[in-house]
Structure formats: C-alpha cells, structure tokens
Amino acid sequence: MSSEVTYNRIAMLRAERGISRRQLADALGVHYQTVGYLERGEFSPSLHLALRICAYFEVPVEVVFSLEPFPRLGAESNGAARSA
Numbered sequence: 001m002s003s004e005v006t007y008n009r010i011a012m013l014r015a016e017r018g019i020s021r022r023q024l025a026d027a028l029g030v031h032y033q034t035v036g037y038l039e040r041g042e043f044s045p046s047l048h049l050a051l052r053i054c055a056y057f058e059v060p061v062e063v064v065f066s067l068e069p070f071p072r073l074g075a076e077s078n079g080a081a082r083s084a
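The numbering of the sequence shown is the numbering used here, which starts it at 1 and goes up by one.
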C-alpha cells in the first residue's frame with residue numbers, strides 16, 4: 001500500500017556520529033542515494049535493511065523507525081527539566 005509511511009531518524013543518527021550518506025551506504029551495501037531516499041521518507045526499507053541499519057548504529061529498531069512522527073527534539077526533555 002503506497003500510503004503507508006514509516007518515519008525514521010537515520011539522518012539524525014548519521015549527524016550525531018559524523019557519518020556521511022556514502023559511508024553509511026557503503027557499510028550497508030546500498031547506493032548512497034538509497035540512504036537519501038530513506039531519510040526523506042521516499043522509500044521504506046525492507047525488514048532486512050531496517051535491521052541492518054539498526055545493527056550498524058547499535059540501537060533498537062524503535063529508536064530508528066516509527067509508524068508515528070517522532071517528537072521534535074527538545075519536546076521530550078522539557079517536561080523532565082521542569083520536574084527535576
């Protein structure tokens with residue numbers, strides 16, 4: 001179904017670690033443009049590729065992928081800062 005959307009944090013994880021699209025693509029064995037398509041949500045990865053991405057970043061699937069949009073950065077920590 002083409003209306004199915006999967007959200008991801010691939011670009012954020014790459015940026016945090018200083019990894020280029022090409023470096024990630026080479027590590028995963030895909031074309032660097034595929035990484036761009038994934039980051040922009042133009043392409044949903046196969047389960048196999050999604051698991052390889054998570055293994056590469058050494059994080060659980062739910063850290064990278066979601067069926068709902070991820071909260072904006074800062075939105076998660078605002079409540080914690082007030083209650084501290």
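These are computed hints drawn from the structure, not numbers from a lab. Every residue, glycine too, gets a C-beta built ideally from N, C-alpha and C. A hint or two may mislead.
Here are the in silico distance ranges between beta carbons for each label pair [stated by the list, open to error]:
(1) R40 <-> L73: 14 to 20 Å
(2) V63 <-> Q23: 16 to 22 Å
(3) G29 <-> T6: 27 to 33 Å
(4) E4 <-> G74: 14 to 20 Å
(5) F70 <-> S46: 19 to 25 Å
(6) R72 <-> D26: 28 to 34 Å
(7) E68 <-> G29: 27 to 33 Å
(8) H31 <-> G74: 16 to 22 Å
Inset, instruction - Run the structure past the numbered hints and jot down the numbers of the failing ones, going up. - result: 3, 4, 8
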